[in-house]
Amino acid sequence: MQELIRRYGISLSVIMAAMTAFWLLALVVIPNLVLFKFSFRLYLPVDQLGGPNDVYTLKNYITFFDSPIHINVFFSTIMYSSMVTVICLIVTYPIAYMLAKVLKPTDTATFFLILLIPLWVSEILRSFAWFIILSAQGPLNALLAGIGLIEKPIRWITGFQAVVVGLVYAYILFMLLPIYNAIQALDTNQIEASQDLGASVWRTHWRVVIPHSKPGIASGCVMVFMLCAGSVVVPSTLASTNSRWFTEIIQQWMFEGLDWNVGSAYAFLLLALCIVFVSLVMRLLNVRLVDIAK
Amino acid sequence: MSEDVHLSQISMNFGSFRAVDNVDVTIKPGEFFSFLGPSGCGKTTILRLISGFMEPTEGAIKIGGKDMRGIRPNARPTALIFQNLALFPLMPIWENITFGLEVRGVPKTIRRAKAEELLQLVDLHDSADKRVSQLSGGQKQRVAIARALAVEPKVMLLDEPLSALDLKLRQHMRAELRAIQKRTGVTFIYITHDQGEALAMSDRVGVMSQGVLQQVATPQEIYNNPTNGFVASFVGENNVFTGRVKSASDGVAVFETPKGDFSAKLGQNISVGDVSKLYVRPEFCTLHREADAKANSLMVEVSEIAFEGNFVNVFVKDRSGDTHMVQVQNDPSVPPPALHSSCHMVFNPASCMILAEAKAGRTGH
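Taken in sequence, the protein lines are chains D and E. No gaps in the numbering here: position 284 of the first sequence is 284 in this note's numbering, and each next residue is one more. No gaps in the numbering here: position 51 of the second sequence is 51 in this note's numbering, and each next residue is one more.
Simulated from the structure, these hints should not be mistaken for laboratory data. Not one of these hints is a red herring.
Below, in silico cross-link-like pairs of lysine to any residue (SDA-like), each with a Cα-Cα straight-line distance of 20 Å or less:
#, chain 1, residue 1, chain 2, residue 2
1, D, Lys-101, E, Phe-53
2, D, Lys-214, E, Ser-133
3, D, Lys-214, E, Met-91
4, D, Lys-104, E, Ser-16
5, D, Lys-101, E, Asn-84
6, D, Lys-214, E, Val-132
7, D, Lys-104, E, Glu-55
8, E, Lys-62, E, Pro-29
9, E, Lys-130, D, His-212
10, E, Lys-62, E, Asp-24
11, D, Lys-214, E, Pro-92
12, E, Lys-154, E, Arg-48
13, E, Lys-108, D, Trp-206
14, D, Lys-101, E, Arg-72
15, E, Lys-108, D, Arg-203
16, E, Lys-108, D, Arg-207
17, D, Lys-104, D, Leu-115
18, D, Lys-104, E, Phe-53
19, D, Lys-37, D, Pro-52
20, D, Lys-214, E, Arg-131
21, E, Lys-182, E, Asp-123
22, E, Lys-108, D, Ser-200
23, E, Lys-182, E, Gln-171
24, D, Lys-101, E, Arg-48
25, E, Lys-28, E, Lys-182
26, D, Lys-104, E, Arg-48
27, E, Lys-108, D, Thr-204
28, E, Lys-168, E, Val-122
29, E, Lys-294, E, Ser-249
30, D, Lys-214, E, Pro-89
31, E, Lys-154, D, Glu-192
32, D, Lys-101, E, Met-54
33, D, Lys-101, E, Pro-89
34, E, Lys-130, D, Arg-207
35, D, Lys-104, E, Gly-15
36, D, Lys-104, E, Met-54
37, D, Lys-214, E, Glu-95
38, D, Lys-101, E, Asn-74
So here's chain D without its partners, still in its complex pose (with noise of 0.2 Å):
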């Protein structure tokens, strides 16, 4: 605060720290401790609200255990969710690799450019541009019959395979970036040590560059979790019959259920237990919070 008073100066300092404050209190604290709120309340006629029936309760979260079906889609939405996750990390490791040690600075800017253009479209025209892609009668059947490889059209919007192909395009930018800021401050002498010493070029990535990179892989792994879990346009576009999301469970219970008070529970749920799950994997891999927020 006081390096940020010094450089510029005491009122526009306020004014930053004043904005800041703003965006955290009202638009994330606040509303989320609203939600909170609801979601141990009931939900009521309003001719019934300060009544003796308007009381705090667990209800609304014992809802969801009473419900098999909701557990169900809330396992296949964490266990799609790390799939996800998982594929964009092998995926982008050495797209991230390339571009932080391989190729000439000059190029990568131009890759990156590429890279980032899809991302000025909005997420649920991009959603929709796979949903054609994937389509029945959709281009990619139709190169596929072309080529000769399948004779009838396969059906790829069916069960999680499309909301996962969705989810992977969607979100594989907010794997690549941390890993290739890791992976480019490591000190290329370090890669060639390595190599000088007899490494194989597999060892040099397990023992030098992965450990190295474990902080942006972290990061990335986490960010692209939470957003899988808590996406909504993705499986709407995508999904089939046979396969629905954890959020669309939520979205029913607060716009068509317009019951608010299951759907903030149900919210809740979902931070609670992706927080849990996070946790769990960041211990199983030895990586500390600290080394995220770097």
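Following the hints, put chain E in place on chain D, whose structure we already have.
Positioned in the frame of chain D, the structure of chain E alone reads:
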């Protein structure tokens, strides 16, 4: 244990830039060989070529008679010590040292014992379980040396590893490196821009400029008998006179300059009539009241005296205003001439040399 390294007419181009130009030298087994030159002269490129991070555009590198072309850095019998050492910060010291053994599948207990042994060798006890960040600059240096020695390389390559250390530690590490090299008998190839390091440690020195190897010789030979003007002026100080070779007999020439005629040894590739330069080291010059008929002498006036401790640099101006330097031993019983006094700068023909310019490089390309 150690092998010879033969650089057979190697050249390296980066696009149209010729970083290394037709370098041809054989480094003997167990030798401490230094490549000495200013930054950008191509010496680091040579090191990267030997270690295998680059392949030469032309020529061949042979280690122990075996052509290294196509052999990756991890399969070459060399170990490189990087300028910034490149220790692995996430591994404890002992894992750093035995990383090269780990990748060869040596079991952990043997590796641990080997690490202790190497730490003894480089005089670092009780550091096996420390982190890299806990060590001082000199200690990190020793760990880097131990890590390179662990893979039992035939050839050690060192890229200015002492440049980050302070003066006292640097001088200490010079002696240390030299001792480790003698103890292990490994061929050392050392890259430096510091002539003091190169002269003090090496069996032989190769002086480089513009990608061209200018001279390969023992430190004494490099200093006392440089083969061209670049070597003379890069290694040590000189007083330089420009002029023309008037006559020559038995390798001794009369050199005509605007300041008078001087006698001097005639260097390679210089003949009568050539315009060239005469080089004489400050410590071979003396100041006298009288001119010396048997030696070269020049009327000068003392313009500045710099006391350096064990010696004194006396700067003198001749009649045309050019400054020369005379270096005298510090001796309180024989003080240097007073400031602004006139005297004769005398230098022996046997200690001055007429030399050609540096061998040209990076041309015709």
